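Novice: Line by line, the protein sequences are chains A and B. Okay, so the first sequence: first residue is 1 according to full-length UniProt numbering, each after it adds one. Okay, so the second sequence: first residue is 1 according to full-length UniProt numbering, each after it adds one.
Calculated directly from the structure, the hints in this document are not laboratory data. Quantities reported herein were computed from a predicted structural model and do not represent experimental measurements. Cβ coordinates follow ideal geometry from the N, Cα and C atoms, glycine included. Some hints here could point you the wrong way.
Said to hold, decoys possible - If the Cβ cut is set under 10 Å, some of the chain A residues that face chain B in the computed set are: (1) D90; (2) E134; (3) G142; (4) T208.
Take a look at the letters that make up each chain.
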Amino acid sequence: MSTRTSRKTSPLAPVAAKATGAMREFGNIFAMALDVIVQMFKRPFQAKEFIQQFWFIASVSIMPAALVAIPFGAVITLQLGSLTAQIGADSFNGAASVLAVIQQASPIVTTLVVAGAGGSAICADLGSRTIREEIDAMMVLGVSPIQRLVVPRVLAAMGVAALLNGMVSVVGVCGGYFFNVVVQGGTPGAFLSSFSALAQLSDLWVGTLKAVIFGFLAGLVASYRGLNPKGGPKGVGDVVNQSVVITFLLLFLVNLVISVVYLQLVPAKGA
Amino acid sequence: MGVEVAVEGLSKSFGKQAIWRDVTLTLPSGEVSVLLGPSGTGKSVFLKCLIGLLKPEKGRVVINGVDLCSCPERDLYEIRKLFGVLFQDGALFGSMNIFDNVAFPLREHTRKSEKEVRDIVMSKIDMVGMLGAEGKLPGEISGGMRKRAGLARALVLDPQIILCDEPDSGLDPVRTAYLSQLLIDLNAQIDATILIVTHNINVARTVPDNLGMLFRKELVMFGPREVLLTSEEPVVEQFLNGRRIGPIGMSEEKDQAQMAQEQAHLDAGHSDGSLEEDMRGVVPQLEPTPGLPPRDAARRRRQRVMQILHTLPESAQHGILASLSRDDYDRYQEWRRRTTGMAMPSGPGTTGTATATREQTRVSQELPTRPAAGAQPTQQIPRPVAQSRPPAPQQPQQSPPMRPRPRPWRREEGDQ
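Hey, can you work out the whole structure from these sequences and the hints?
Specialist: Quick look at the structure:
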């Protein structure tokens, strides 16, 4: 009786339940992240699984990443090009687009592709294994699925993201160069020489670091959702969907945090 | 030698829905136990709790002194190496072929060379009759084959505890019989503790040493097979006979109105879905294939059961006595005369309960020294028919037809 009345009087109860549920999920992801980090250093390393996954993620990600990188770099350059022309700073167009591409665009594009193409496949794979009780069987055989399956996947996602990030940076800058010089009629020399005017080596490092962290998040979220599907084959479809959405949300949040910290810690060149 | 699994006060629920409460049982080391129960009573959940895949809210599962419900993850993985688990659908790894599936535990946990692995794996694959299919992927073979391959994988590390989740589902009766024999043979060879979860009556009647049943969120009973096989409990009787009349309904439970209606239908001559004869009663247990060593567990169990015999229900006592070989029976009678000064449990409850405590203390001292108890434990002794051996006074027949069942339609046929 008491429960019934209390249920009636608090319309916030379902909201509160949802909120605690979300917090619990977040806590679980965090716990799994720690597990993954600890198990990364545990022998034996699953080299075969790692190479397979690495190759798989790379093969599904390279083309889309390159194709997304060209217009992305182009758009940034075009936008900045018209802006810098208005304030008479054409000569810094190259520097600005390089900064934007390397620091922001490239890691994000890379991870969107890694999460969308590789992460969804990882999630679907682990999800279907879970509902077929393969994961249970593995645990019963005394093998940790985190160490055996998740760690190689997360490492593969990190590695692919780091390498892909380099490629996307180059392709993005090339795209920017092409559109600035050919389409907008900018000067090639000014574009190239302004690289070193504003950009510095640490920008490249932070871009790579971002890509590695985002790759970790993409692999982790995909694995976590894949290992916890709810109710049968439909649940697997749902978690794949969720894993991509959650990764994207996390991605932009973490990107903001890293960017703010970086800008505080590393002074801009010439400042 | 198998390991004892002690389950104490285990309760599990999903959200607000309780699966079962306060389950307490002990799987005696090296013996074969069967857990029966209607579909949806949480038998598989129980198995998963036993291996620590699910965490129960209350209670303990103790194996080798370690409580699986509260021990750290690392210990859990160590303990699990003692287990061989056969999942309902085999749970093979879809990306590996049968050979690699069976070899998986060996490659993960042992440092055997590839040749040794191959030898062991092929012998296990041969054991389950799958030679020739080892190169196939799990998706390419039938459900029954997947199940047998899953068993081969479960056995490859020579586990001390074998858990089987419905080994019969998806198998034809012949293969089920082979599988039952295989499990008994295994038990004779490696003396592993075996728990089979099933709703196959034949398996329940012939395979186990101990038999239990889950119903209505509780363990109805768990004990020597004879106890459940001769039980008067309505749930047990209904389940063993596969009748619609009784407390088990299509949904979890039945209400009074439905029970009354079904009874009315029955009285009107509509069949209740069961066969003619009563499936209860003690039938001979499966013996290991001739040539294999006798099951040590059978001897240990006989000793254990005889010690608690007087505490068991009357019908179960008679079932047990009837299943003894002539030698064992004489020995028991002799021992009984020495300890209590009486010949046999003469009729319902005259000796048993009154002298229970006194007997128990004596029994524990005397029984283990019984001569020749271990010498020839479970050989196929041509078992005398119930009537021809020295009969238990006042109980001339075995227990099966305990209670005449209401079968009005048959009486009508008789009248015609």
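Novice: Of the numbered hints stated previously, which ones are contradicted by the structure, given in increasing order?
Specialist: Failing hints, ascending: 1, 4.
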